[in-house]
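The residues making up each chain are set out below.
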Amino acid sequence: MKKNKTDITKRKWFQITPGVVSEILPLLCVSAVLVPVFAISLPWPDQTKKYLFSSAILETGAQNLVSSLYLGYRAFDTLGETVVLLTAVTGAIMIIKSSVHTNNSYTFSQQNVPSKTRMLRTELLDTVTGKLGPVVLLFGFYVMLFGHLSPGGGFQGGVVIASAIVFLSLGSKSDGALVLTKPGVLLWIEAASFGAFLIAACAGMITGNGFFTNPFPSGFPAHAYIIFLNCAVGLKVGAGVSFLCIEMIQNKE
Amino acid sequence: MIERCLIFLLFLTGFHAIIVRKNVIKKVFGLGIINSAVVILFILEGSRSGNSAPIIQPGVQDVVDPIPQALMLTAVVIGVCLTALALTLVYRLYTHSLSLHIDEIRRKIHDTTH
Amino acid sequence: MIQHTDLIFAPALLPLIGAAAAFCAKSLRGKTSRYLEIAAGCTGLVLPFFALFLLYKSTLYGAVYKGVIGNWYNDVGISYRFDGISWLINFLGFIIALPAWIYAQSEKDTKTFTPLFLIQTAAVGAMAMCADIFNLFVCLEIMGIASYILVASSAKPGAFLASFSYLMISASAMVFFLFGVYGFYRLTGSLSYDSIALGLSLLPDNGGHAAVISLALITGAVVIRVAVMPLYGWLPDAHALAPHAVSAVLSGVLIKTPLFALSRVVDILPSGRAAGELMGYAGAVTAFLAAVISLSQSDVKRLLAYSSISHIGYIVCAWGAAVHAGTHTPEGRILMSAAFGHAVFHAAFKGLLFLSVGITADRTGNRDITALRGAVKFLYRNGEKIPVTFPAFCIGFFSICALPPFNGFLSKSSISLLLAGNWQNVFLIAAGVVTIAAFIRLARIYFPDKNVPSPTYTPLASSTSGSVYISQIFLSLICLCSGLFGPFLLHTFSRILSGGLREWPFSARSFYTIPGIIKIIFYSAAGFGLYTLSNTHSVNRVLYLIKERPRSFDGLFTAFGLGLAATAAWMLFR
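Chains as they are written, first to last, in our numbering: chain E, 222 to 474; chain A, 3 to 116; chain W, 13 to 586.
The shape of chain E in the complex, shown without the other chains (with noise of 0.2 Å):
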């Protein structure tokens, strides 16, 4: 310890001084560059907040202005947002089980890191989650199926639902005997709600309307589209994060 404090007072200012500069530079750069944009102080345009006041509930059908834009005017973006999390869950499992471990010293002990949260498993945990994750699963569905009325959607819903799921795998002494945590399952249910999204998505122009508009005929409730919408991106969300989630746990086992 000593040596290291002396080393350091007693380098050179020219040893010192590049590593300084590539440190505080990006910094004041980046500043420099960001102050104008935060210190924008006009009143904020108003013009959308106003249109969306008066004919979203029309148009789409949500009470929810946020849902209303995020699953009905700008919902390609959504869209886009499910591949970002498809890819983000497919990709990550496919980067820890990838098969070429070179020069590896370290191996994620398979026999270790399962037995541990087998012990943590104990009674108490598994009446608790036992009791608790179907509540937390049903509160899941109903962020899910309300996101058009009150604050909640798919995004919201899916992760309760995601995090239900993990309870349940997670504290459950006989390890997971809920068909709904077995990875196998999760992937279908992914594959399949992102596949319903698409059919979705398309099935407006199936109808001669245009890509991403309701294909119901205009008699039917405008947010029957929206809650089907939501539904898809829940179970998405829900199979993505949870299959990931109980991948890295249980991984070798």
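All the given hints hold, so there is nothing to weed out.
Calculated Cβ distances over 10 Å to all of chain W for the following chain A residues:
hint	residue
1	ILE57
2	GLY61
3	ASP64
Computed cross-link-like contacts, BS3-like style, restricted to lysine-lysine with a CA-CA straight-line distance of at most 27 Å:
hint	chain 1	residue 1	chain 2	residue 2
4	E	LYS403	W	LYS43
5	E	LYS318	W	LYS123
6	E	LYS403	W	LYS38
7	W	LYS120	E	LYS318
8	W	LYS123	E	LYS403
9	A	LYS24	W	LYS168
10	A	LYS110	W	LYS168
11	W	LYS559	A	LYS110
12	E	LYS318	W	LYS168
13	A	LYS110	E	LYS318
14	A	LYS28	W	LYS168
15	E	LYS318	W	LYS43
I should point out that these hints are in silico values taken from the structure, not numbers from a laboratory. Keep in mind the model is a prediction, meaning the values are calculated, not measured. Think of the CB as a built atom: it goes at the ideal place given N, C-alpha and C, for glycine as much as any other residue.
Position chains A and W against the provided structure of chain E, taking the given hints into account.
Structure of chains A and W alone, referenced to chain E:
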């Protein structure tokens, strides 16, 4: 105004972590922090545009602008995905080089390929 | 029923549908899984060609498909715009993605590769018709995430570090992009390019400093993907350590698509033209410096990666000049067509080089330029009775060295002729000379040398599948056809880009003139001279120092900070 200064400092903290910290996990922290800073900026400034949440109920008159919130939904999800991916890469780098220090990792990889 | 205007969504939708099918195939087993995967690949990579064919005629006569996705009210929905440049970007994307995917089928495990590759291709298709700033953000992120994973999929430790560095710098840059979006939305209240431009023109002083800085932030974030100097640091590792098919698509498509998508964004403000000017200068310097660094490399794929940076310098130089002249003026359109022409031709021959050199390095087990010799004989003895890899390499070699009648000659000459008289042209020509020297060095791996032993025969674990040869033959044919019909192709690109006008000033006779041919002979001789010079001890020492220059993770961010500040300053004070 003070809030914007704080968000700016938050952003600088995260950016500083990415550049200066040698531990790769701290670099990933930095990425998470700058993502959070930009989300907070959008939401905070958006919340100044009205009085109540953008849910149309009887009696609600002046709602906030819902567009920053919708945009940030997407941005938050993308940020989480990037953080997850970065951490899996850190995991693989760790299993190869048994170190979380960026210079050590670089040196070990250079040694194995030469 | 499906209308004609719905066809423009096909290049983005069909790969996504293919990806969904490929994900289902991942969960199945056996023969059904394989057939479903191949069907998914065909849906995603072959069917879009039919859509592009059906759209060709209307795009050639200048049809522009504009609107809002979902047919909502203009300001709230996502605008799209499918015009000539969109068609061309889609053409570039699919013409490279298909042979790369065919090549990748020779690997053992393609179950996860196919859906990720299709998603990346879908992102390219969606980016081609972006007219909304947040949609551009989402498309860039999709493309980015797919490419980080594909780079890391070769499972080499260096690939993980390369992917990590690429991820960190790209993700940080996208946060700056979001700040730019905040700036524009705060000022104008809208997210589509046209509405933002309209809103800014209504503000005093066109939005002032904040608007210019927002545009600079967005430009800087996109330019990190394009990898001009000084923002190139992530590219050599990523392209050199990725699987060969992924390297081909990265070099061919992913560093060019954001550039052409950016050409619409810089139209929002008049100071966008200043950004183009600065990038044009940076591109010229990049072309020369990257070529010099490529000369110093000893790893075959790293040499190709630096050569990609050099060629993106050419493209950015022409692009920058186009934006500076104005993308709606005839001069700007011609320069943009030249930039795109070089983008396509470079994608074809660089893809071919990556695939052929990659298969050579894999078979011989050696990636070192100085140690590997006699690869032609080795390949012949190891199963390639009809030579495919070496002729493919030769076609790529002649194309990249810009020798007539190959396609590289035509695109480089058109850029040089259009920029004649500017100082950038000197840099571009010098870069060409250095490139010839570097590739003569690379070509030596195929020829025997009595001082260096030939690689020893190792029996292959698996026999080579035909897909390796099919993909190389496909790309070779593209290179040869674009060389023979090059002047006509460049003219057609210009017609499509300009919306039906016949503005392209060059015909075959402009390229094949006596002074032009003499110049080529002179440059080739200079390149050969430089190559012999590079074998001398002193020059070797200098090159070694260039190769072993210290590179670090934080260097990427320092460069990004400096580049961003420089762009903002240039745009504010020009």
